[in-house]
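Student: Letter by letter, the chains look like this.
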Amino acid sequence: MSIYLPIAEISINIFLLISLGGVIGFLSGMFGLGGGFLMTPLLIFIGIPTNVAVATSANQIVAASVSGALGHWRQGLVDVKMGAVLVSGGILGSIVGVSIFDYLSKIGQIDAVISVLYFVLLFSIGTLMLVESSQVIRDRIRKKTVKKKLHYHNWAHRLPFKTKFYTSKLYISIIPPVIIGFVVGILSGTMGIGGSFILIPAMIYFLGMPTSRVIGTSLFQIIFITALVTLLHATTTFALDAVLAVILIISSVVGAQIGVITANKLRGEDLRALLAIIVLVVAVQIATELFIQPDDVFNFSHMANYK
Amino acid sequence: MNIKILLIIVLTYLNLISISNALVIGSDENEILIDANFSGKDLLVFGAFYADPSQPREKKGDILIEVVGPQEDIVLRKKESFFGFWLNAKSVTFKDVPSFYYLSSTSELKDSFFEENNIGLLESTDSPVVNWSLISTNWGSINSDKEKEEFYDALVRNKSYENVFRKTADEIEILDGNLFKTNIPIPNTVPVGVYDVNLYLILNNKIAKDYSYNFTVKRIGIESIIYNFATSFPLIYGFTSLLIALIIGWISADLFRRFRKA
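Protein chains in written order, with this note's numbering: chain C, 1 to 307; chain W, 308 to 569.
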């Protein structure tokens, strides 16, 4: 059974969309990731136009982040002040990101840029996760326990405009979180991702935030940034497909809950190794399209949106 | 439908025998509606034609059906390799290109026929001169005729991949000598708008009779509401979409929390 998507202007099998949303929701619930970095390339892969994939992904991430952030919020694990500082940088970043996207669409390079960005992103994430998880698995086999550092002090603590973040028990400059928010905002606007995989390590290693507060706070900031990206795309690229979004949102939230339940029954490092492999496969798929000569070197696009 | 309509044609056709040649159209479809389940449609075109009965069948003439969709502007880009990356390089803008073009005849017609009558868009490979008057273009950095020709061919070829440009000579069914019937596949990628259908009765490589009508492709129901909403009020549309995301996110978090507690 196929459904006609009003903005993408194509009809596509509804069960394909539901299973895509479900699987990505499942993975994101399982691994605690937003899933946007898989959603966008896979949507493009099944034939959704790039601009629709990016805009609609952002909308789907809003729902996923709200769902995830609520749990952390109720346990008091969201640093609202830090979130607000990150959002302030993120607002500027996402406006820049969507403008870059719009410009690249007009000159016809958006598909290539998105592919390169995704390849770099997925390849690095996949490799890092594979290395990390295989080390943990090796350590587990050798029955070693890994010692972790508790707190970091670095350059981020020596900049001006210092302020207290009570929830995170930090006294740092607001400049690093604003910059982090800005960078992630640009990625959100151009790639349709939440950016948790950059936010989370940056918050832990650059800002020295306690890990318990990091996930809730990053989800909190992602809600606002992806919401803004959704609005910006709806008004500048006109690429937001509400029908596609609703299908993906419903299937992914259900998938996410099943993922959370499943994750509790499996070992984390095994799961991460599995995800790493999935991510690398997607990365290689994207790379082949970039490096291998296309069947037809010509391609066309309609100008309707850019008259 | 259609037996009734077919009967009417047959009767009309019998009436027409006294005239030397004739073309009658029985197609009654003038709307194609895009709803949530739209996955393309076959447009039925049928009618009767009548030529000189003293001639043998193969000399009675040919039927040519042309379907032209609403015009659109298209940017055609050519990929080139930069350090191993295949990136879009040169681009050409074609203005007022038919979004859908379909040409179907009962037998292969001569190129000279298409040229003389200014019919056809798909003839560039065979004819030495492309009929540029049909479309206006912005060539950008491209100036050699050979390269222009290459872009023109690529436009036609790429449109053919999506089945929106087609030419065929064996899809029209002739029933009972003088009745014809064909199904024109309209793929699900076609844009909305008015489509012209031109039918020609061709005798001795000349147009003896022609007939034109049109049909409209339009969105209906929820598809049309969403599309119009998104284009007329993009900001409100964006907020609505966000609100839906917030509500579903919220409800799902709550639902599953209770579910896990229970």
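Be careful, since some hints might not be right.
[Said to hold, decoys possible] If we take Cβ atoms under 8 Å as the criterion, some of the chain C residues that face chain W in the derived model are:
1. P6
2. E9
3. A64
4. V66
5. G108
6. Q109
7. T163
8. T167
9. Y171
10. T211
11. S212
12. F238
13. V246
14. I249
15. V253
[Stated by the list, open to error] If you anchor each label on the Cβ, the simulated ranges turn out as follows:
16. C/I100 x W/T538: 44 to 52 Å
17. W/G484 x C/F15: 41 to 49 Å
18. C/Q109 x W/L550: 29 to 37 Å
19. W/S388 x C/I107: 44 to 52 Å
20. C/I175 x W/N344: 50 to 58 Å
21. C/P201 x W/D503: 54 to 62 Å
22. C/P294 x W/I481: 36 to 44 Å
[To be verified] For lysine to aspartate or glutamate, the following DMTMM-like pairs were computed, each having C-alpha atoms within a straight-line distance of at most 20 Å:
23. W/K488 x W/D335
24. C/K106 x W/E379
25. W/K516 x W/E373
26. W/K455 x C/D296
27. W/K397 x C/D296
28. W/K386 x C/E289
29. C/K106 x W/E387
30. W/K385 x W/E469
31. W/K525 x W/E387
32. W/K386 x W/D335
33. W/K488 x C/D295
34. W/K453 x C/D296
35. W/K402 x W/E379
36. C/K106 x W/D403
37. W/K402 x W/D460
38. W/K385 x C/D296
39. W/K385 x W/D452
40. W/K386 x W/D460
These are calculated hints, taken from the structure and not from any lab test.
No residue lacks a Cβ here, since even glycine has one placed at the ideal position from N, Cα and C.
Student: Against this structure, judge whether each hint is valid.
Tutor: Going through the hints against the structure:
no. : hint                        : verdict
1   : P6                          : 4 Å, holds
2   : E9                          : 7 Å, holds
3   : A64                         : 7 Å, holds
4   : V66                         : 3 Å, holds
5   : G108                        : 5 Å, holds
6   : Q109                        : 6 Å, holds
7   : T163                        : 29 Å, violated
8   : T167                        : 21 Å, violated
9   : Y171                        : 32 Å, violated
10  : T211                        : 22 Å, violated
11  : S212                        : 19 Å, violated
12  : F238                        : 6 Å, holds
13  : V246                        : 6 Å, holds
14  : I249                        : 5 Å, holds
15  : V253                        : 4 Å, holds
16  : C/I100 x W/T538: 44 to 52 Å : 23 Å, violated
17  : W/G484 x C/F15: 41 to 49 Å  : 47 Å, holds
18  : C/Q109 x W/L550: 29 to 37 Å : 34 Å, holds
19  : W/S388 x C/I107: 44 to 52 Å : 18 Å, violated
20  : C/I175 x W/N344: 50 to 58 Å : 54 Å, holds
21  : C/P201 x W/D503: 54 to 62 Å : 59 Å, holds
22  : C/P294 x W/I481: 36 to 44 Å : 41 Å, holds
23  : W/K488 x W/D335             : 13 Å, holds
24  : C/K106 x W/E379             : 16 Å, holds
25  : W/K516 x W/E373             : 14 Å, holds
26  : W/K455 x C/D296             : 16 Å, holds
27  : W/K397 x C/D296             : 14 Å, holds
28  : W/K386 x C/E289             : 12 Å, holds
29  : C/K106 x W/E387             : 18 Å, holds
30  : W/K385 x W/E469             : 18 Å, holds
31  : W/K525 x W/E387             : 38 Å, violated
32  : W/K386 x W/D335             : 44 Å, violated
33  : W/K488 x C/D295             : 36 Å, violated
34  : W/K453 x C/D296             : 18 Å, holds
35  : W/K402 x W/E379             : 7 Å, holds
36  : C/K106 x W/D403             : 19 Å, holds
37  : W/K402 x W/D460             : 15 Å, holds
38  : W/K385 x C/D296             : 9 Å, holds
39  : W/K385 x W/D452             : 16 Å, holds
40  : W/K386 x W/D460             : 15 Å, holds
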